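Q: Could you build all of it, start to finish, from the sequences and the hints given here?
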Amino acid sequence: MGYAPGSGSGYSSSLEVQRGRSADEYDKKLAWLRQLLEWQKEMRDAREFMETLKIDLFTDEVFVFTPRGDVISLPNGSTPIDFAYAIHSAIGNKMSGAKVNNKIVPIDYVLKNGDIVEILTSTNVHGPSRDWLKIVKSSQAKNKINQWFKKEKREENIIRGKEMIEKELKKQGFTANQLFKPEWVEIILKRYTFASLEDLWAAIGYGALTANKVISKLRDEYRKTVKAEEFAEQMAKEEKKNRIQGKRVPENGIIVKGIENCLVRISRCCNPVPGDDIIGYITRGRGVSVHRKDCINIVNSIDGDNRLIEVSWYTANNVAYKADITVMANDRTALLMEITNVIGEAKIPLKAINARTTKDQIAIMNLTLEITNTEQLENIIKKIRRVDGVFEVTRNRQ
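With full-length UniProt numbering applied, the sequence shown covers 1 to 398.
Honestly, the hints are just simulated from the structure, not real lab data. The structure presented is a predicted model; accordingly, all values stated were derived computationally and were not measured. No false leads were mixed into what you were given.
Using 16 Å as the maximum straight-line C-alpha spacing, the simulated EDC-like pairs for lysine to aspartate or glutamate come out as follows:
#	residue 1	residue 2
1	347	375
2	137	60
3	162	198
4	151	198
The following label-pair restraints were derived from C-beta to C-beta distances:
#	residue 1	residue 2	range
5	388	106	19 to 29 Å
6	71	354	31 to 41 Å
7	173	312	23 to 33 Å
8	312	181	42 to 52 Å
9	183	126	36 to 46 Å
10	102	352	26 to 36 Å
By construction, the Cβ of each residue, glycine as well, lies at the ideal position given by its N, Cα and C atoms.
A: Written out as structure tokens, the structure reads:
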């Protein structure tokens, strides 16, 4: 459903003077823009109007219009998400899509001067996506998104924050006992004005603070208590450990029987992932190409078994692999957003997406995911199948 102009306080509230700017300067800009709006009526659309002016308005901000002609000022580079939160938090939190100049656009579309923006909302949307924090430009939108996660998912954020800290500790070669001394934790809490350790976990969980920053601060405190030689020795040991592990296990997590330090690549024709039965194919000048055993290119290989070599997964290594899937569904508003939200909630990186709609209103989406094993892939396929309107999800294989 779209936001209906005139149905509440949403659009009108956007004309308030922004904090940190002089009211007089802002009012002058708006008065000038309203005068330009009169000229706009004589043109076909807002884009033609702005191009005709042939001027650069204000390089630090962009001015766009609501469907009923109100002016919204946003930081340069803003998206429809920034626009939605400039209207009202409730609009942003229920946003399912956007139209610019009466055309559907991606949520990361960069708004331009003169664009007419309409926000589409849906009761099926249960809050913003964490990925939006990487898209929005305005501090207002970032703050409102963070507030939603802070309020709605505190327990989940606490758990996520702890997991991120544990991962960062391991990455930097420390243990919780080494760094999380009460007096050092107190320094962190005061620095970031947190009342408790749980508040710190939650902040990390919803993205207000990074685990890397916290561990780095604690490591600085740790460094003050040990001799420089001891600290350097510990860092050297960790670096050596990582180097040794890197030699023993290739980055892509594939072990080639009888060969070490061999160039290995995952074949894109069948995209094997941990759990698949695999075989290596010795290429000319490009090392070993790893395929699924039932890959059509292996089955139909004219060289037969002469260039095949035994390979296996290094299961202890948490390596990510690309997997391609195709989703087919009855097209509807917010379909793509709901599917990407399902993927995001499963903490699976979405590396690429290609979507189109047929003339019969069937949405076809080709997604590239980063997964660690077939079980994870099967689970996300099951979750996507439960999205309303989806009737087929398949893993792409040759």
